[in-house]
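Peer 1: Following the hints, position chain B against chain A.
The listed protein sequences correspond, in order, to chains A and B.
Residue 7 is where the first sequence starts when you use my numbering, and the numbers rise one by one after that.
Residue 5 is where the second sequence starts when you use my numbering, and the numbers rise one by one after that.
The reader is advised that the hints may include incorrect statements.
To be verified - Derived pair list, reagent style DSSO-like, types lysine-lysine, alpha-carbon separation capped at 27 Å: (1) K33/A - K92/B; (2) K402/B - K185/A; (3) K145/B - K45/B; (4) K179/A - K433/B; (5) K145/B - K402/B; (6) K180/A - K33/A.
Because the hints were derived from the structure by calculation, they are not lab data.
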Amino acid sequence: MSNDSKTQDWSKPAAMAIPKGGYFQDKVEQGRYGPVFPKTPACYGFSILAKIISGREDVFYKYAKDIEATIAAQPDALAVLQLHYLRWVLFPIKGDTYFMYQGIFDTDFDKYTEDAVTLFGITGLRTVFENLEGFPMDWQTNAAAFVQFVRDHQCPSFLEYAEYPYASATEIKKALRLKAAFSTMLDQMQ
Amino acid sequence: MLEFDDIQHLLLTRAPALTARYEFLSFRNGASGRAWVSAVKETIHSAASMRAGVDESKRWVTAAFTWNGLRALGLDEASLTSFPEEFKQGMAARAEVLGDTGMNAPEHWVGGLASPDLHAIVILFARDDAEHDRCVSEHEKLVASCPGVEALSALDLHAIPPFGYAHEHFGYRDRLSEPAIEGNHIEPTPGSGEPLKPGEFILGYPDEYGIVSDSPRPEILARNGSYMAYRRLEEHVGRFREFLRQHGDTAEEQELIAAKLMGRWRSGAPLTLAPEKDDPTLGADMQRNNDFTYKQMDPHGYAVPLGSHIRRMNPRDTAHNMNRRRMIRRGAPYGPPLPEGAPDDGVERGIAAFVICASLIRQFEFAQNVWANDRNFNELGNERDPIIGAHDGTLEYKIPKRPIRRKIVGLPAFTTVRGGAYFFLPGLKALGYLASLNG
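Bound-form chain A, shown alone:
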């Protein structure tokens, strides 16, 4: 549930410093599964960091190919998540491989995670999270455990910046459609 009114000026870049822990203590919004990380000029988002199960690196690269093919075949496969961007990163720390999953989206944290569980259930997509240490293997029947894992491994930002603050992906796409429509209109006027 967003309590923010859309009164922010998208034309004026904005930065937001976020306190330690990820919440503004005087205005923590309660979500269905616990406190909700605040919306920033860069919308909602998360950065989930976790250690992968040793020897599973190849699974992540195969997963990348699978997602690429899924989106090519069905471009709206992830539409429910109301995303701007997703980034998947693998990186080493002291000989172990860690995984970072960073997303920017317009829906709140709880809804994103719940929708993701549902989405994986519907499409039969396996979540690459199954290759992370400590991930609940009963996630398909236990949305709350999935949400808890995500919450436990979320590293909140301490600073976020946006060139066009608070604009949603839907609004950006509307603007681009409008631009395309005007271009077509101008072409027709020649």
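Peer 2: Only chain B this time, still in chain A's reference frame:
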């Protein structure tokens, strides 16, 4: 195969009642509470017995319990722990998630509903006033014979005239959209979607993903049970009519404003199918009045505004995972009707309803949190559900219209939450199990 002889009738059937009473109870000791459960169980219809005797029966009873109530009855810790977190916390503790803030906050609730002493509800639906009064008197005797059982409060309800169709105090036709359940032998009306797997509403059966929930435990307690979110919603009829007068110069314009808030004309006719003018025949025709979608028929909300009540509560083909968000609604209006043209008399009136689902957090709380009270639902920016959203006079309502949309600012609160609670609605065998606990 649904166990119709074990499922409480409320879950699957709608009683032909004109009057009702909800009594809210507290168990001061377990033995008395169990004695009450044991006695009241004998009056409860299963779905099977309700259907078999619906023509002869004059009253239909339902009993359900809060988490604190189950503890008071003597349920063991392992079983209590096995319930979902949101049910354990109770509705009052979930106020912020639900949008129950400001005047809707639990501190303003009536009837002891926000109190941890609320343990049970007994719901009476009666065919007429004489039967209502007889049952109330019988129940008074029962409570008097269980000295540890205390009546916290009660609410009497009555259908409002004209009695030919269900409607609430604002005048909107009600009960137009209800999900059908596989195996319940009720054909869904056109537009209501295919019947859903029973596990979406009844514990112990596979849900839309084929999963049978293992909560709560033991299995005898869970099987054929469900959860109910109770909402007592006061309707500010005078304020609503004044709003219509302010924003519509003629009676026709006022009707259109009322329709735009709801997404249907007060007759029940959906704006998707009757965008310009009311069509009461359509409104009353259950074979047609729910048969519409949005994605193709009304993508921009020119008929049904993007933030209207029915578009938020059931976004149909414009939301994902709809089959995981459906709910069964039961209930009735309470309080005297306010005659047309009469000034507001300050008497509380409204609707007191139950939302029944297998998962409060996934179904009811989702609808409240993401659909009713998210200001940015459908990119609307500064709106909430115009009928049931949390309003403080600072929000707006936009009505898409060619060439320029209409924007109403300073939308007042047409409703106020006056109470609510989460109940577990056990099957009949589970009621027997609860009555036989040692504690």
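Peer 1: Next, verify each hint and record whether it holds.
Peer 2: We went through each hint and held it up to the structure:
As the CA atoms of K33/A and K92/B are separated by approximately 25 Å, the hinted pair is consistent with the 27 Å bound. Among the hinted pairs, K402/B with K185/A is consistent with the structure: their alpha-carbon atoms are about 24 Å apart, no more than 27 Å. Taking the CA atoms of K145/B and K45/B, the gap is about 15 Å. The hint holds against a cut of 27 Å. The suggested pairing of K179/A with K433/B is violated, with an alpha-carbon distance near 55 Å, which exceeds 27 Å.
For the hint pairing K145/B with K402/B, the CA-to-CA distance comes to about 53 Å; that exceeds 27 Å, so the pair is violated. A hinted pair counts as satisfied when its Cα atoms are at most 27 Å apart, and K180/A with K33/A does not qualify at roughly 32 Å.
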